[in-house]
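Visitor: If you read the sequences in order, they're chains U and E. For the first sequence, the positions run 1 to 444 when this note's numbering is used. For the second sequence, the positions run 1 to 519 when this note's numbering is used.
I should point out that these hints are in silico values taken from the structure, not numbers from a laboratory. Please note: incorrect hints may appear among the correct ones.
[Said to hold, decoys possible] No farther apart than 30 Å at their CA atoms in a straight line, the calculated lysine-lysine pairs in the DSS-like style are these:
1) E:Lys321 to U:Lys192
2) U:Lys37 to E:Lys61
3) E:Lys181 to U:Lys64
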Amino acid sequence: MAIIAKESMHNEAALILKTIKETGFDAATVSLDHGRKFVMETQDGAIKFLKETYSKAANLNLFKDGRNGTFVTRDFRLDELKKFLIKAREMLVLTDADPAATLPPDDRLSPLPDIDLDLIDQGLINSKKNEALKICRQIEAGARKVAPDAITIEASFEDGHYATELVNTKGFAGFKESTAMVVIAKVNIKDKNGKKRLGFDYDSVTHFSDAGDFAELGASAAQRALDMVGAAPIATGDYPIIVDSRETYQLLREMLIRPLAGSQIYRKLSFLQDKIGKKIAPDFLTIRDDPFIKRAFGSEPFDAEGMVNRPMPVIEKGILRNYYFSTYWANKMQCAPTTDSYTNWIFDLGSRSGKEMAEKVEKAIYINDFSGGNSNPLTGEFSKGISGFLYEKGRLVQPITNMNLACNLGQMLLDLEEVGNDPIKSSTIKCPSLRFKAMKVAGV
Amino acid sequence: MLDITRREFLKSAAAAGSLLCMSAVLPDCKSASKVAAGPQKGASPWQYGQLFGVSAEDCQKVLHEALKRGGDFAEIYFQNRANDGLSLEEGIVNDAWAVTDIGAGVRVVVGDQVGYAYTEELTLEALLNTAQTAALIASGAPVSGPEALKPVKVENRFPITYLPTEWPIAEKMALLRRMDKAARAASAKVEVVVCSIESTYDQVLIVRSDGLVAADFRPRISLNCSVSVRLGERVERNYYTIGGRTNQELFAGDAPERVAKEAVRRAEICLEAVTPPAGEMPLVLAPGESGILLHEAIGHALEADFNRKGISLFSDKIGQKVASDLCTIVDDGTIPNVDGSISVDDEGNPSHRTVLVEKGILKSYMHDRISANHYHVAPTGNGKRQSFRFQPIPRMTNTLLLNGPHSPEELFNGITRGIYAISFTNGSANIGQGDFVFYINYGYLIENGKLTSPIKDVNLVGNGPEILGRIDRVANNFAMPETASGYCGKSSAGGVQRVSVNFGLPAVRVSKITVGGRA
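Bound conformation, chain U alone (with noise of 0.2 Å):
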């Protein structure tokens, strides 16, 4: 397979540009993607699937007399490339005029941050495919001495490497790459009735030497299917919450990450409108977004429009800060643009993890998985399936699942008690685990 050429990638984005302003098209941001992979994945102690992989894309964004659209292509031969654009200037100029697409402003073009944000490793760029297997055995085994009776142990690798060069007709050239692992660990188990509990579990970095002891994450996705055994759903009723730090990003996803999108709240559609400069949360909530922290998957120098990133507070004591508003929504509210989604998400910590605040609790349902579900952003409304463990005087009563959360996500965020201090240094969310009053929670 390829291996991703900063060079050539810059020329042929290069080239992508020169031929969209000689079609006519007013202004452009061409980014260019490359990126390659190697999958492996085992079970009990088998090779089942390879796969390997090298693929690039075009993704346009293209301007003509005030009219906008975006276009995809993977045929970069010039005749073909020219051929495209042709097509997508006749479909762009039918369409009507909007003033508000237009290209980032000058000034969140520039200064590229001069920062290394190490985000490569050399191995990876390689492929650490020839260790591949011994990586998913390792995993394999740590599972299989926790569970010697699972009906099944998976484990799967997989590395890349991953890069953009982003340029624009306002002279923007900007290039950014990143490699990672991951590596996953599956394990099913026998319940009674005939039930199969699954655990699993996952680690996920940009550089090899970052990964922890791949026997110890199969023993915990073993130890996940375990602790679930006999789970069964419990009482209709109000319960204190703990969401797991692994859950979290389930939650925020729904309760921060959706209605702070510029979309929403152009178009009125999101409960966090009209809030900036606004108490949202308690005191103790403070989240920032910081694009700059090394060796984070969500760190990167700009964004998909090629505008600078800057750190940004999102909420500061409980107040929220900051929308997400690419340069169409921010010309459409008459502001200036932040950025168009987060980066990483950091949080001011607590004292203590989610068990430890477990194990202090009267009574809390403590979630460790959420399933299905949805919520609408307009009203906060949220319901959706959850498993964990009750807990009642800081013991584990029993582990419970086939149970539904509800609530109003406007109202969960005030009815925030605590901030764990154990975030996931994986997720781009580095968000701890979170105890709230009680919701209701239906079960039987």
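Chain E: place on chain U using the hints.
Guide: Coordinates of chain E only, in the frame set by chain U:
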């Protein structure tokens, strides 16, 4: 060849003096039939291959390379996709998009082991390299590739007259403007209207090491209207979509106005919604869209990959009772022009109607090639994949519960307090435990056998076999949703794969289910 349309291709095929299996792929296409006026009997199938720039000999070389290290089976999956769309907001058509994608995936199978690689460059050299990579799964003696390739006739499940992507943009824009106008005229409460139209087609060529060659053409089109409505301080949003594997003829007549009005009607119902209840209670599912129950409660767990690994709750249940006597459930990929249907699956097998559950007894799983071999049964036409970047795995097509003996009215009799669920947004299933959830977009409370207040935004939680065992009434009003039911994502080796599916059922009563509300 990236921009070649089906019509251009047909012209070039005709110019070359042959048509091959295109008449099998496009039997109802007027333009095709014009070109097909003089098909050459015994013409080479590789006119379709012309789109991808490959000949029969090239494919034989690639398959030979794929099996150089041994293996039971190999295949090449070529795909060309064209997708475009327009959307309207604030009265102007202010967004346009188009995506083209072309490439080929090579799969090598050894028992239940899979080696997979793909290329976006369709040169013989790139294809041979891709085959070498996929072959790394094997480590035995070379196996010969196919000596001869045999094109199969594919029964076309998507008869259409015109290409959806050849529809003039001005006509699409006019249709979006009609929707916008109709939505705003439907109610003074309407604030935001966003309408969109999307057209896609896929051209697929499958070449297998057992010699089978199958070509397929897959159109898809959808029309969507999303609105928000305000009453005082209260604002609600809802949407309606129609679509399927067809073309713009689906949107003839007053379809745009109907879609817009239905979106507004649904949003206005939500303005009246009360806080949904929490706890166990009876549930009546409306016909059509409620088929998501089948999809989540049993459908995924009957996809045979989970069963051959022994991790599905239904792994050892063939011939056993898994649902109430009232339940006969089929997976049917043969229904014309609907989302979940296929003419041929992504392994080259024809679409099929498979009885999964008959009067409550589990009869069959849904198979891909690997699971069919594992269970020593014939393939069921369920090997599907998101694109040439993925290997096929067992997936549902259209999952249906057949009509029962009850009148719709009988379903409400005797319910003191329950839920009537009409429309849904999403769901998910835990295969091993059999647990599932699905999310109600809107429905009604049932009080003393009557529909009373609307409810919305609430999850239903259950266990597949338990809930299917609690179905105590099945009505005789089977329906499939006219909404484009959309996509289902399923984890597979190498990542989540998204494919289009559909479902259908008559009104059904479940004696009790957990409702995840707050009241």
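Visitor: Which hints from the list above does the structure break, by number from lowest to highest?
Guide: Of the numbered hints given earlier, the structure breaks none, since each of them holds.
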